[in-house]
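Engineer: Each chain, letter by letter, is given below.
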Amino acid sequence: DSGVTQTPKHLITATGQRVTLRCSPRSGDLSVYWYQQSLDQGLQFLIQYYNGEERAKGNILERFSAQQFPDLHSELNLSSLELGDSALYFCASSGRTGNTEAFFGQGTRLTVV
Amino acid sequence: GQQVMQIPQYQHVQEGEDFTTYCNSSTTLSNIQWYKQRPGGHPVFLIQLVKSGEVKKQKRLTFQFGEAKKNSSLHITATQTTDVGTYFCAVHPLSGGSYIPTFGRGTSLIVHP
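Protein chains in written order, with my numbering: chain A, 1 to 113; chain B, 1 to 113.
These aren't lab readings, by the way, just hints derived from the structure by calculation.
Hints are supplied without guarantee of correctness; some may be wrong.
To be verified - To give a feel for the contact side, a few chain A residues facing chain B, derived at Cβ under 10 Å:
(1) S2
(2) Y33
(3) Q41
(4) Q48
(5) A56
(6) S94
Heads up, the beta-carbon is just placed ideally off N, CA and C, and yes, glycines get one too.
Could you put the whole structure together from the sequences, leaning on the hints where they help?
Structural biologist: In structure tokens, the structure reads:
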């Protein structure tokens with residue numbers, strides 16, 4: 001158990017819809033990262049938050065947004081969903097011990113139909 | 001942006017054979033991390049290399065960081081079926097900025113009993 005909790009585990013929704021993925025980082029970790037993993041693809045970095053503030057952006061679409069709340073949990077919002085958004089979305093956290101290794105949640109598998 | 005290439009993309013081995021995956025960066029790295037993702041699972045941190053020429057071992061796994069800090073390798077001796085999974089390297093460039101683990105596409109190891 002990595003200590004990172006993601007909900008829901010699975011999500012099936014229709015094109016054009018909006019969904020919210022939730023992540024609770026490990027206790028004490030200030031950094032939260034969101035990654036997208038498509039079939040046979042690596043982990044594509046989407047966005048990072050640190051202690052409530054956006055720290056870095058990767059290849060995140062304008063239809064996607066995220067935030068980190070005062071209790072450090074984070075949400076990734078995906079809107080106007082397209083079939084190509086179907087993927088595994090991982091949240092990872094780091095920083096508690098000063099080390100940089102990332103601890104991943106179990107992921108949310110999003111299927112857009 | 002940071003470019004990291006990982007080869008091979010797939011590797012089939014017979015149980016007992018050795019396995020090596022390579023990670024190559026276009027820029028000098030601050031450090032490199034290795035993760036393993038079992039089928040249906042999430043990436044799990046294995047190790048971090050920081051020093052030029054560093055070699056670390058974990059049982060049958062040997063990790064090496066190149067002298068120029070631009071490449072790394074993971075070698076598994078006498079593979080077992082439990083080694084099945086995708087091995088990712090994650091890099092951070094030396095030029096600094098926010099620490100964002102940038103992942104290679106991974107090497108999927110298939111071990112045939």
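Engineer: Compare the structure with the hints numbered earlier in the document and write down the numbers of the violated ones, lowest to highest.
Structural biologist: none
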